[in-house]
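We have chain D; now place chain P onto it with these hints.
Protein chains: 2
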Amino acid sequence: MSNQNRTTVHIFGQQYTIIGEEGAGHVNKVADLVDQKMREIRHQTNNLDTKQLAVLTAVNITNDYLKLVERVKQLEGKKEE
Amino acid sequence: MSNQNRTTVHIFGQQYTIIGEEGAGHVNKVADLVDQKMREIRHQTNNLDTKQLAVLTAVNITNDYLKLVERVKQLEGKKEE
Chain D
1039 MSNQNRTTVH IFGQQYTIIG EEGAGHVNKV ADLVDQKMRE IRHQTNNLDT
1089 KQLAVLTAVN ITNDYLKLVE RVKQLEGKKE E
Chain P
1039 MSNQNRTTVH IFGQQYTIIG EEGAGHVNKV ADLVDQKMRE IRHQTNNLDT
1089 KQLAVLTAVN ITNDYLKLVE RVKQLEGKKE E
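Sequence order for the protein chains is D and P. Residues in the first sequence are numbered consecutively from 1039, following the numbering used here. Residues in the second sequence are numbered consecutively from 1039, following the numbering used here.
A hint or two may mislead.
Copies of one chain are not kept apart here, so a pair can be met inside one copy or by any two copies together.
[To be verified] As a list, the in silico DSBU-like pairs of lysine-lysine whose alpha-carbon atoms are at most 35 Å apart:
no.: 1; residue 1: 1111; residue 2: 1067
no.: 2; residue 1: 1105; residue 2: 1089
no.: 3; residue 1: 1067; residue 2: 1089
FYI, nobody ran anything at the bench for these hints, they're computed from the structure.
In isolation and in its complexed conformation, chain D is listed as follows (with noise of 0.2 Å):
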């Protein structure tokens, strides 16, 4: 039933292959938006190595999803009024 799809995508200078449903176009939206959010962070400090990089990336982008569950949630609550 599932299709899995492989598609490579380079992040910050590194190669990875990413396996799941999604299609290359997707898959590749989004390693370009992890790319330059790493980039973002990277400009504002620049005494972290790429790991402690790509972990505050993480941490920057679940901030932003969090927000965006609570705007789901509110915009759901109001529908069902």
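Chain P in isolation, oriented as in the chain D frame:
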């Protein structure tokens, strides 16, 4: 005007200081989610170093984030009808 807090968290065995407007409770929630996702991905794929693991965690969360962006667009679109 901006109120910058410093919160110390632990993600995947390393300490990070997060600086931002969010309170400690929110920052800890974000850090716990990143730590949990990293452990999930490590569980699935054992042959990654921590940097690669952190990048793939960021990819994973960004994927969830972009799906939520679509959901918000959909909900906001419906609201305006």
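Results for each hint:
no., hint, result
1, 1111 to 1067, "both (25 Å within a copy, 17 Å between copies)"
2, 1105 to 1089, "both (25 Å within a copy, 26 Å between copies)"
3, 1067 to 1089, "both (22 Å within a copy, 20 Å between copies)"
In summary, the structure agrees with every hint in the numbered list given earlier.
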